[in-house]
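Asker: Below, each chain spelled out in residue letters.
Protein chains: 2
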Amino acid sequence: MNPTRIKLGIIGGGQLSRMMAFEAQKMGIYIEALDPDPKCPASYVANSLIVSDFYNEEHLAKIFHNNDFITYDIEHINAEALKKLYDKEPKIFPSPYILEQIQDKLLQKKIFERAKVPAPAYRKLDKNEIENFESDIYPVVQKSRKGGYDGRGVFVLKSPADKANMLKTDSLIEEYIDFEKELAIMAARDKEGNIKLYPVVEMIFDDRVNICDITSAPARVSEKVVKEVNSIAEAIVENLDGVGIFGIELFLTGDEKVYVNEIAPRPHNSGHYTIEACKTSQFEQHIRAVCGLPLGSADLVIPAVMANILGDESHTGKPLITGLKEALQIEGLYFHYYCKSSTKPFRKMGHITVVDNSVDSAFKKVSQAKNIIKVISEK
Amino acid sequence: MNPTRIKLGIIGGGQLSRMMAFEAQKMGIYIEALDPDPKCPASYVANSLIVSDFYNEEHLAKIFHNNDFITYDIEHINAEALKKLYDKEPKIFPSPYILEQIQDKLLQKKIFERAKVPAPAYRKLDKNEIENFESDIYPVVQKSRKGGYDGRGVFVLKSPADKANMLKTDSLIEEYIDFEKELAIMAARDKEGNIKLYPVVEMIFDDRVNICDITSAPARVSEKVVKEVNSIAEAIVENLDGVGIFGIELFLTGDEKVYVNEIAPRPHNSGHYTIEACKTSQFEQHIRAVCGLPLGSADLVIPAVMANILGDESHTGKPLITGLKEALQIEGLYFHYYCKSSTKPFRKMGHITVVDNSVDSAFKKVSQAKNIIKVISEK
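Chains as they are written, first to last, in the numbering used here: chain A, 313 to 691; chain B, 313 to 691.
Hint data in this document are derived by calculation from the structure and do not stem from the laboratory.
Do not rely on the hints blindly, as some may be mistaken.
One copy or two, either will do: identical chains are not told apart, so a pair holds if it fits within one copy or between any two.
[Unchecked claim] The calculated lysine-lysine pairs, modelled on PhoX-like cross-linking and capped at a C-alpha distance of 20 Å, are: (1) K637 - K677; (2) K630 - K319; (3) K637 - K319; (4) K319 - K400; (5) K503 - K637; (6) K319 - K686; (7) K428 - K569; (8) K403 - K637.
Computed from a predicted model, the values in this text were never measured in an experiment.
From just these sequences and the hints, can you work out the full model?
Answerer: Spelled out as structure tokens, the structure:
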């Protein structure tokens, strides 16, 4: 380890990397990010930036050798190259062997099986089998094995007629869960195997683009459901021998059955509320775990509701924030902006978090603010 | 105002500027700092840096013209030049007319008189009068009118024998208050005149160097004292017509009398605890006020104790943090590092904040951590 200050390399320079960099900088940890965009969100906060795509082995080796520890803010990176580097020196967290299981939704299902946690039933459907696809029941869900993100790579077949629009890629066919709520939990695990679980939260999606839009913390669910989600989260991160923070998304049905949907080996949109509402933010927690530092408390200090600020659907170009002054008049509202160089419809441009005495009142304020604050483009 | 994102210039690039820059960046506010040191703490977080001393009129004009608003993290800057710029366009907050009153401790006393708040009795003592100085009572306090900072510029005369060691500068001679506690409060005021008061806190000083060492929030004082401090703080910021955050330091005597000691027109060491413990940190609050945005809630969410991490007294040179891993094992402890390029005895290198259910338990944890975490120099 660097004698003076820890050096952390982050593959990916998006908003998650940016928010990690803030927390790392706060603690005096040196940050080097790697991203194809020299003006990526993390570029304004990192100490240095390697401009590179996520598959360039030379550049991945460079960030690996420059830093004491390596993490990433995106799954779609060269896990093969990282595995080779990890074999030389195991300083990439979560390990690339975990990453490669998460990159492929079929291998993710195997994680759930090994951890003995409930997940929707599934079967494999290779690209060449799609033409002859048949199902006895509808709806069913087709999920691309690789490359899905923010709603991309998921297709719901409501009837045989939808077959023509199926994704033309190696896939899973998954049981459709008629859920009442979508839940999420952030679970952190350190190198000694200590686990800290954040509160269970509710995710509310923007149906237009299937992007997690609003998170309410804590979730309005029974104690029984909380316990069930906690034990699922623990089983998964323990089974993975994971180091770092993991975002775990779940379905909750009307009869209180819980199913794991998918997991992410990094800070997660559904954990942004932790910045204001928990003792230790998900970003600091991840950095602590990755850098071999002890985990902080994951306690909720105050209820919170977070909403993404998506690029306005009729604007593309250089971004312009409107309504900020008016929105900040709402008591308990905090604004985060990612400094992306251009906006486009539904792009995640920032987020707001409202802390309040109850989730319900915070929810009202967030809904109000979402109508006020917009990211449009300059004329 | 910049159509896309607000631009804020900060004169000074020390730790206060650095922590302002974090909060500004979070909200998407563009930060330009001005500091003589190209490797100052803010340099790693600001979007741009003007390397300049604080008196260069050309460079002050440059930062003024480059940005929508201007603030500062240090009082020892060219108020005359800033007044001329302010007269062209009043976009410097707190206004340089307030700054010049605060720069001179004699003029500060006039603020307290105008605001009708209790402060220690004083008389003026010019440099040329020092040779013939006499006092009927001891101890008395000599304060340099200008340039004092972190305990410099203050001298306590315990007896006539101390006369030989008096500061050779234009001064005040001030009544010595036999205080039981030193208190502080952060008061924020926006352009519409709205005021938000943070909790009253206790400051505990390191006697070796007279640097505020530990802050406990809230202060362990009666409701009567809290009310008195609140009304003093309100009277001062209103009387100043101040915009921004002000740190107000006070003395509390055994019989619950409160006296204002001095004020700072900026975030203050005694307000660092607000990052973890209050809904809105003092840094975000200051930026909101200066940039014409509405103030956030100043509510305390959880008790906290903050301690400075000073450079170890026997080390000078390239800094090395030791004990961080061990210290972070303390539940509720958060570490902030300022990334100064060199350490020296008693230099403010970082701080820790412990949040806990009570100030007393947080205090114990902070005391424990101060013995663990050190900033020394590399061999």
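Asker: With reference to the structure, classify each hint as holding or not holding.
Answerer: Results of checking the hints against the structure:
Only within a single protomer do K637 and K677 lie at most 20 Å apart by alpha-carbon distance; the minimum there is 15 Å, versus 39 Å between protomers. Taking the shortest Cα distances, K630 and K319 sit within 20 Å of each other only across copies (16 Å), while inside one copy they are farther apart (33 Å). When the C-alpha separation of K637 and K319 is checked against a cutoff of 20 Å, the pair qualifies only between copies, where the shortest distance is 15 Å, while the shortest distance within a copy is 37 Å. Taking the shortest Cα distances, K319 and K400 sit within 20 Å of each other inside one copy (18 Å), while across copies they are farther apart (45 Å).
Taking the shortest alpha-carbon separations for K503 and K637, only the inter-copy value of 13 Å comes in at or below 20 Å, while the best intra-copy value is 43 Å. In this homomeric assembly, K319 and K686 come within 20 Å of each other (Cα to Cα) only across copies, at 19 Å, whereas the closest approach inside a single copy is 36 Å. Taking the closest pair of Cα atoms, K428 and K569 come within 20 Å of each other only inside a single copy of the chain (15 Å); across copies the shortest separation is 66 Å, beyond that limit. For a Cα distance limit of 20 Å, the shortest separation of K403 from K637 across copies, 17 Å, qualifies, whereas the shortest one inside one copy, 44 Å, does not.
Checked against the numbered hints above, the structure violates none of them.
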